[in-house]
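Here is what each chain is made of, one letter per residue.
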Amino acid sequence: MGFLGALMEHGFLQRAVATGLLASVACGVVGSYIVARRITYVAGGIAHCLLAGLGIARYLQVVQGWGWLHPLYGALAVALLTAVVIGWVSLHWTEREDTVISALWAVGMATGVLFIARTPGCSQDLMSYLFGNILMVSPAELWLIALLDLVVISLALVWYNQLTAVCFDPQFARLRGLRVEALYILLLCLTALTVVVLVTAVGLVLVIALLALPAAAAGRLSRSLWQMMLGAAALTALCSVGGIAASYSTDLPSGATTILLAAAGYLAAVAVGYIRDRYARQH
Amino acid sequence: MGDVPAVEIDGMGFSYGSDRILDSVDLTICQGEFVGVVGPNGGGKTTLLKLILGLLTPDTGTITVLGRPAREASREVGYVPQQFAPDPRFPMTLGDVVLMGRLGMARGFGPFSRNDRGLMMQALETVGLADRASEPYADLSGGQRQRALIARAVVSESRLLVLDEPTVGLDPGIEREVLALLRHLNETMTIILVTHDLTFVTDSLETVLCVSNGSVVRHPTVALHDLTSDLLTDLLGGDVRAVRHDHRWTDAGGP
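Chains as they are written, first to last, in this note's numbering: chain A, 1 to 283; chain B, 284 to 538.
Treat the hints with caution; some may be incorrect.
Not everything, but these chain B residues come out facing chain A in the computed CB check (under 8 Å) [to be verified]:
| id | residue |
| --- | --- |
| 1 | 357 |
| 2 | 386 |
| 3 | 419 |
The hints are simulated quantities; they were obtained by calculation from the structure and are not laboratory data.
From a predicted model like this one, the values you see are computed outputs, not experimental measurements.
Every residue gets a Cβ at the ideal spot worked out from N, C-alpha and C, and that includes glycine.
Could you put together the complete structure from these sequences and hints?
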């Protein structure tokens with residue numbers, strides 16, 4: 001049976017594709033902001049801290065019997081907390097920003113690994129958290145992802161002009177009366193929500209690549225930020241669905257396949273941009 | 284243009300840590316003036332601008348801009364920064380950059396209105412770039428970028444325009460174009476311009492503020508040929524010697 005036939009028949013594939021498409025929109029919008037602002041390392045710090053939230057929530061769920069506490073809730077709480085801490089450090093303690101992000105990155109991972117080690121029967125969870133398993137998304141997770149996606153897209157679009165100004169020229173934005181610090185923290189919180197959405201698709205190790213590669217590829221061929229967002233969302237959707245299809249057909253890991261497709265898309269965009277620039281210089 | 288001074292500074296002092304940058308400054312700039320700000324590097328010119336813009340707060344004294352405390356008036360002040368060099372990979376069209384000047388004018392969020400876009404096109408027409416609104420900002424030349432930043436500053440319908448060395452690094456021809464544009468804008472707004480270009484100062488301005496050694500001194504400008512070594516030392520700092528020549532070769536083989 002081909003992928004399209006299987007897609008019509010199997011609910012898990014339909015949820016996987018829906019997750020990939022939902023993640024693509026948030027990824028395209030927020031990825032464009034963080035690539036343009038050059039803060040992908042901040043997204044990396046937030047992503048790796050998530051393991052602490054995932055691990056603690058899973059521990060409380062299994063060992064303490066808190067059945068209602070889905071690991072994604074823990075990831076959400078830790079991601080938002082990390083975003084606020086990193087934002088505060090970036091704004092008020094710039095000389096130690098990289099040190100603090102690196103420390104949070106490692107401490108988050110270590111905390112997550114310790115809690116997962118103390119949770120019986122969770123060694124498989126660790127691999128799916130690190131590298132994603134989009135084919136295992138449950139209906140409840142899909143609803144949570146859809147809700148987060150809606151929040152991210154709404155906030156990012158409502159404050160599009162303000163966030164763009166803060167990323168492009170923060171001093172001028174401040175002169176225009178914008179609350180630059182608050183908007184920067186908002187941007188990092190949107191990044192945190194997007195990272196949570198993407199963790200189910202590609203896992204927290206590969207999140208940075210999926211945020212950065214499609215946006216960087218689209219940015220190479222775009223004149224304005226909204227064009228970059230549309231291009232990045234389309235490319236992420238293509239790579240996500242392509243990764244799921246390849247995973248179904250060849251039994252390869254979907255997350256890794258998605259990232260390699262995104263990398264190929266980025267290289268293609270760089271090549272097209274180079275040829276276009278050269279042609280423009282000659283004519 | 285109204286009786287309220289564009290800028291009124293009373294007994295203002297400012298320090299960076301233990302370094303006293305400005306001390307007991309009293310100054311009034313009337314509406315409609317075109318004032319040049321000169322002085323040695325590190326003398327406090329940019330600090331003075333940032334205080335007027337409300338980006339810094341004075342340690343002592345007060346600054347009133349267009350009748351209000353400087354921080355509250357910042358939205359009514361157009362600002363062109365010194366050598367603004369954004370990330371060339373940041374995808375922004377010229378129109379997008381100019382529209383930033385409309386931020387903070389009405390709603391706190393949402394898209395720009397049709398009126399905003401109309402004013403953006405008017406501002407681009409004023410600076411002679413209306414036909415390039417949809418081009419990437421990064422593709423513009425140095426002179427076009429400076430004109431774009433002036434358009435961004437005036438699109439907010441500001442009554443005061445503050446520029447921090449807007450012609451640094453520009454070719455003399457482009458520099459003249461920018462300065463002619465500023466003279467045109469001065470017909471409707473007050474302009475404060477930080478510059479090292481004494482030719483422009485002496486040719487075009489009636490008033491110069493010399494910022495040096497913590498003080499701000501107001502000079503009437505003098506003709507270029509009347510500049511003396513003492514006055515240049517006062518304006519630029521250090522030990523400056525005025526040398527005059529008539530652009531003809533001397534017997535020694537040099538100009």
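Consistency of the hints with the structure:
Against a cut-off of 8 Å between C-beta atoms, the interface hint on residue 357 (chain B) holds, since the closest Cβ of chain A lies about 5 Å away. For residue 386 (chain B), the suggested interface contact is upheld, since its CB lies about 4 Å from the closest CB of chain A, less than 8 Å. Against a cut-off of 8 Å between C-beta atoms, the interface hint on residue 419 (chain B) holds, since the closest Cβ of chain A lies about 5 Å away.
The structure fails none of the hints (numbered hints given earlier).
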